[in-house]
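Let the sequences and hints guide you as you build the complete structure.
Here the working numbering is used: the first residue of the sequence shown is 1, the next is one more, and so on.
Misleading hints may appear alongside valid ones.
As a list, the in silico SDA-like pairs of lysine to any residue whose alpha-carbon atoms are at most 25 Å apart [stated by the list, open to error]:
id : residue 1 : residue 2
1  : Lys175    : Ala60
2  : Lys175    : Glu45
3  : Lys302    : Gln256
4  : Lys302    : Phe250
Label-pair distances were calculated between CB atoms; the ranges are [what the hints assert, rightly or not]:
id : residue 1 : residue 2 : range
5  : Pro225    : Gly52     : 54 to 60 Å
6  : Lys30     : Leu279    : 39 to 45 Å
7  : Asn197    : Ala310    : 18 to 24 Å
8  : Arg83     : Asn243    : 46 to 52 Å
9  : Arg233    : Arg260    : 31 to 37 Å
10 : Glu24     : Phe190    : 28 to 34 Å
11 : Thr28     : Val226    : 47 to 53 Å
12 : Asn243    : Thr74     : 45 to 51 Å
None of these hints come from the bench; they were simulated from the model. Cβ coordinates follow ideal geometry from the N, Cα and C atoms, glycine included.
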Amino acid sequence: MAANVETMFYVREKPWHGLGTNVEEAPTSKEALIAAGLNWNVRSEDIHLRNGEIVEGYKANVRDTDRAVLGVVTDRYRVVQNREAFAFTDALLGEGVRYETAGSLLGGRKVWMLARMPHEYVIGGERISPYLLFSNAHDGSGPVRVAITPIRVVCNNTLNLALRTARRSWSLMHKGKIQARLEEARNTLFLGEEYMNALEKEFDVLRKKELTDRQVQEYIQLLLPVEPEVSERQRNNILWLRNNLEMRYFDAPDLQETGRNAYRFINAVSDFATHAEPLRKTANFKENLFARTIEGNPLIDKAYQMMRVA
Numbered sequence: 001m002a003a004n005v006e007t008m009f010y011v012r013e014k015p016w017h018g019l020g021t022n023v024e025e026a027p028t029s030k031e032a033l034i035a036a037g038l039n040w041n042v043r044s045e046d047i048h049l050r051n052g053e054i055v056e057g058y059k060a061n062v063r064d065t066d067r068a069v070l071g072v073v074t075d076r077y078r079v080v081q082n083r084e085a086f087a088f089t090d091a092l093l094g095e096g097v098r099y100e101t102a103g104s105l106l107g108g109r110k111v112w113m114l115a116r117m118p119h120e121y122v123i124g125g126e127r128i129s130p131y132l133l134f135s136n137a138h139d140g141s142g143p144v145r146v147a148i149t150p151i152r153v154v155c156n157n158t159l160n161l162a163l164r165t166a167r168r169s170w171s172l173m174h175k176g177k178i179q180a181r182l183e184e185a186r187n188t189l190f191l192g193e194e195y196m197n198a199l200e201k202e203f204d205v206l207r208k209k210e211l212t213d214r215q216v217q218e219y220i221q222l223l224l225p226v227e228p229e230v231s232e233r234q235r236n237n238i239l240w241l242r243n244n245l246e247m248r249y250f251d252a253p254d255l256q257e258t259g260r261n262a263y264r265f266i267n268a269v270s271d272f273a274t275h276a277e278p279l280r281k282t283a284n285f286k287e288n289l290f291a292r293t294i295e296g297n298p299l300i301d302k303a304y305q306m307m308r309v310a
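Here it is as structure tokens:
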């Protein structure tokens, strides 16, 4: 299946490559589990050599519906089932939370869910909706992750800034007493509110930092540098990307009333990082972009650090 998407559902508009099952409204957790094709369990099973001998210290994570091996892990690994992930999110946001999308990547090795948090913020006259993104890797490649993802509603840009004063994400390894750690993670909702409050203060600071047009062009050059040893084709590609980003800063309709300032620059970079098509689109481009929703986007973070010292 294209784009490494195995199963998923989505609400309203088609995400990514248009794969998945469309639903009219965001379902409840039980409905989401079925709609996303995540109503299966993972079992840790012994690994045997051809002679029947058990491989000590390791287990195979096997999906119960089709016996697919999702990964080989150590015997210290603790499985977090898909239903537990949804139950965890329900506990955080309260019964009746509505999920926007959820699904499975890479043959079930990675799963995720995205839920809209109940409170929408108005920051500087703009609507910012925080989402709770939960991801889990059944192949042992990463921890359980929960991240707050603010979305600027007017343009669907992600504003995942790495703030110094507030955490945006939380994670736990698949070891020890998982359920106890999940209980501790209820603080995630508090951390989300703390992050959004800190984000509001930071946006206010960024709006007050005025930028000249010349400064904007210089910052774009720093963000997208042309190294001396690059080929003529590579140089032209980077210049094209610079023009694309410059256009998003100066010409974007949703930024015309924002003023020429650091906040506008961050939003232009976010728009570029979130929506611009790459010069060479790999098969897993959208998945990599989605991963940055949790881990943070290096380009947005670099732009933010520039604006902090501007």
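Which numbered hints does this structure break?
none
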